[in-house]
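Residue-level listing of the chains:
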Amino acid sequence: MSNTFNESPEILELSKKNWIDILFYIFCGLIFLFLMLPLFIILPISFSSSLYLEFPPRGFSLQWYRNYFGAGEWMRATLNSFKIGIMTSAFSSLLGVPAALFLSRKRFKGKQFIYSFLLSPMIVPTIIIAIAVYFLFAKMALVGSIYSIALAHTVLAVPIMVITVSAALQGVDQSLEYAAMILGANRVKTFFKITFPLIRSGVITGALFAFITSFDEIVIAIFLSSHPSLTLPKHMWSAILEEIDPTIAAVSTILVFLSVSLLLSVAWLRKLAERLMG
Amino acid sequence: MGRKAFGILMMVLFLGLITHSTMAADLVISFAGGAAGDAVKDCFIKPFEQATGLKVGFEATHEFSKLKAMVQSGTVTWDLAEGPSIDFVILWAEEGLLEPLDYTIIDKKGLYQETLHKYGIGKAFYSTVLGYNSARYPKGAHPTSWKDFWDVKKFPGARCLRNAPDNNLEFGLMADGVPPDKLYPLDIDRAFRSLDRIKPHVKVWWDAGAQPAQLLTDQEVDMASGWNGRILYVQKQGAKVGLEWNQGVLMFSSWVVPKGAPHAKNAMKFLNFSHQPKLQACYAAAVGYPGVSVKAVDYLDSKFASDLPTYAENYKKQAVMNYEWWRQNRKKVEDLWNAWMVK
Amino acid sequence: MTGKILQSRSLSDYVLIIPVLVYLLFFFIYPLLKMFLISIFDPSFTLKNYIRLLQDPTYLKVIFTTFRLSLVVTISSLLVGYPVAYLLNCVEPKVRQVLMIFIVLPFWTSILVRVYAWMVILGRKGIINSILMGLGLISTPLNLVFNTFSVTIGMVHFLLPFMVFPLYSIMEGINKDLIKAAYNLGATPSKAFIKVFFPLSLPGVGAGSLIVFILAMGFFITPALLGGRRNIVIAMLLEKQVNVMLNWSFGSAIAFVLLFLTLIMFNISNRFLGLDRIWGGKS
Chain A
1 MSNTFNESPE ILELSKKNWI DILFYIFCGL IFLFLMLPLF IILPISFSSS
51 LYLEFPPRGF SLQWYRNYFG AGEWMRATLN SFKIGIMTSA FSSLLGVPAA
101 LFLSRKRFKG KQFIYSFLLS PMIVPTIIIA IAVYFLFAKM ALVGSIYSIA
151 LAHTVLAVPI MVITVSAALQ GVDQSLEYAA MILGANRVKT FFKITFPLIR
201 SGVITGALFA FITSFDEIVI AIFLSSHPSL TLPKHMWSAI LEEIDPTIAA
251 VSTILVFLSV SLLLSVAWLR KLAERLMG
Chain B
1001 MGRKAFGILM MVLFLGLITH STMAADLVIS FAGGAAGDAV KDCFIKPFEQ
1051 ATGLKVGFEA THEFSKLKAM VQSGTVTWDL AEGPSIDFVI LWAEEGLLEP
1101 LDYTIIDKKG LYQETLHKYG IGKAFYSTVL GYNSARYPKG AHPTSWKDFW
1151 DVKKFPGARC LRNAPDNNLE FGLMADGVPP DKLYPLDIDR AFRSLDRIKP
1201 HVKVWWDAGA QPAQLLTDQE VDMASGWNGR ILYVQKQGAK VGLEWNQGVL
1251 MFSSWVVPKG APHAKNAMKF LNFSHQPKLQ ACYAAAVGYP GVSVKAVDYL
1301 DSKFASDLPT YAENYKKQAV MNYEWWRQNR KKVEDLWNAW MVK
Chain C
2001 MTGKILQSRS LSDYVLIIPV LVYLLFFFIY PLLKMFLISI FDPSFTLKNY
2051 IRLLQDPTYL KVIFTTFRLS LVVTISSLLV GYPVAYLLNC VEPKVRQVLM
2101 IFIVLPFWTS ILVRVYAWMV ILGRKGIINS ILMGLGLIST PLNLVFNTFS
2151 VTIGMVHFLL PFMVFPLYSI MEGINKDLIK AAYNLGATPS KAFIKVFFPL
2201 SLPGVGAGSL IVFILAMGFF ITPALLGGRR NIVIAMLLEK QVNVMLNWSF
2251 GSAIAFVLLF LTLIMFNISN RFLGLDRIWG GKS
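Chains as they are written, first to last, in the working numbering: chain A, 1 to 278; chain B, 1001 to 1343; chain C, 2001 to 2283.
A hint or two may mislead.
[Stated by the list, open to error] Here are the simulated DSSO-like pairs of lysine-lysine, each with C-alpha atoms no more than 30 Å apart in a straight line:
#1 B:LYS1108 with B:LYS1317
#2 B:LYS1068 with C:LYS2048
#3 B:LYS1331 with C:LYS2048
Hint data in this document are derived by calculation from the structure and do not stem from the laboratory.
Whenever a hint applies, use it, and build me the whole structure from the sequences.
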């Protein structure tokens, strides 16, 4: 079939459009459909005028959106989640950016070990972290405060920041830093004037990722979050278990839009960074 | 720039740690949210605030472990909590988690005496009943007993039972022919053997109170055990769900006061206040769960009265849960149940 | 030595790394240690919780169920993820970026939203059944939810990026010249794939599979909401012990056994596959 020399044999192979390739495309298409389907199925349900999960929905109504934005716990929970997300983002940035800088620039033994340690919260099942922190906070009488939730979420967010910022730092040309220091700038100035602007989009990406991780986080919230520190996912969890209320479909739709916009802004930021760096 | 922000954040964090938010309330009550929670707010809390001028805060929660966490760490933020059944109340009291109730403030007269206990007092009667898909099993041709529930030939369809031994052992025995008034002491082996027969036909094992009603509404299952109030609620909303009182199991939940509650006295006052028959009638009409005041039924519209588990017609068809037996045997039964579930 | 932001001998540089280390020590390591102590001091030193856990057939069965489910999820993720990673490898960078967004987007959405959506899609009156019945292909609705099928779908949907990215990362590094060489030697595309490409992609297969497996072991939300009786996993039991039974010592023991199993699997993977490549490759 294709015995010719070429730069990328795979691309050549796919352009041949034989039945294997067509099957392959169809299969991949189905997988992408699989990935997207849940996100978009909520949309019609959220406008349903009937009281229960029906598809296709019977009529059109904004009642569930009204319920979400109206009086009740939903708005308070959303506000809490925003506050906690911002705090998590801030804390993990403050902790993670210096750490990433340290790991990427400093030479010393045991770097690998520290790197693994900083990433270890990703390996430990979240429920174990949730319970351990819950016991700790119970003894310290901190259960039920949004600050405690933010502190716990930061543990999950630190690895995210470290990975993202480390990747960004890898892309920075260190000769720029040398140049600045040779010209007389001290190390701190060099970092803030040269390095940081170059990794800014990476830091923001990491911060956004940390935010959304905290905003959507449910397992820790199940243990730590209760009125008045109710988070949005915790309230959704209660709604799934306790209420017979498709408000959750409206909330879900809103959340999907939030995620899409955040993700698109990250992609746009990346593009911006690429253009700036040439 | 970075350092200043860091400093400010540290201060905010520190302040947050030492002054975590407490509401300036004279009484904090914890209970499950949703329709029942709204009923507590409307029927009890609002009138109480008006009558006494005390401010009442509330927390919607259904996790009892918070109570243990609070008591053990010494910072109790609840004064009154909705607890489960009396057998659990006794267990918690034995662990030192509860404050004894002050019956000098709470008047015992006019209340169902079996709901009064040293560490807990009845909140609401509720029953686990048989709910069914009324589109599939129209009235007249619907399951009317647990024997019917077990009969997959006469009533084919997906079943739903609770993921706990509570009530299920009783149902298993009744399906096997034991009359509702001769259940206790429960023959555990016989109950599990009976449950073995229905196990393969149970599609969902519910954990949360809203699940069975939801599943019936969505027609995900055709028959389910569930709490009368929830099933009635979806029925009233237009779902094709029916409710059968026959062979239901009558239970009651309790109010408890955590040990070390800051406003325990206000909690007792609240409880006494809430026992007024008129308020109890308000609550019963809203959620279908009557409270502990015997006279409440006098204030109830007759159309609500027939929906209550304590209504004479309904009451005589049911079995009454024997909490003493459950208190003695719970641990053993829980272990047996967990093993049975994963078999 | 000059011209570097961080001097090799300067001690003040350590101020960058100390805060995060202290933070994790206090809010991560310390709570875990405390939990371990709770499991063996109940109230005085005892191993009864661990003995109970490892001897009780119920819990052993649940551990086994968790393993089995994780295995099913891992294999499914592999079957679904490999073609996707391959596709990413083949297309132009512009298309690749768009596809990446599609892959990552679910990841940025709340898991509750997704689980709820799957309940809608797979339910008796859900989309799939409605379509199939509307087309006349079936007369009674299929039982698609509250079983291993729905749990697997829900979990694969969540874990797919964790499989795709390591796979893609490795595939990207495969030297295309080797494929060319295979063609030169007369191989057909399928043979080149089987004999050259696939074996070279195995480190990605291994890394992705292990990450997915480890993460799957700790899952709680999806099995709890989408699963049936046969899908009771450790994390669910753990939550019940802590939140409902209030048996914190026993719950801690369960947590530690789960953690122990997780760490073992991670160590194995690290030894054979060098996961640090994956951390570096993922962004």
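Going straight from one Cα to the other, do B:LYS1108 and B:LYS1317 come out at no more than 30 Å? Holds: B:LYS1108 and B:LYS1317 sit about 28 Å apart, inside 30 Å.
Taking only the CA atoms, is the gap from B:LYS1331 to C:LYS2048 under or equal to 30 Å? holds (17 Å)
Starting from B:LYS1068, check that the Cα of C:LYS2048 is at most 30 Å away, please. This hinted pair holds, its Cα atoms lying about 22 Å apart.
Every hint, counting from the list given before, is met by this structure.
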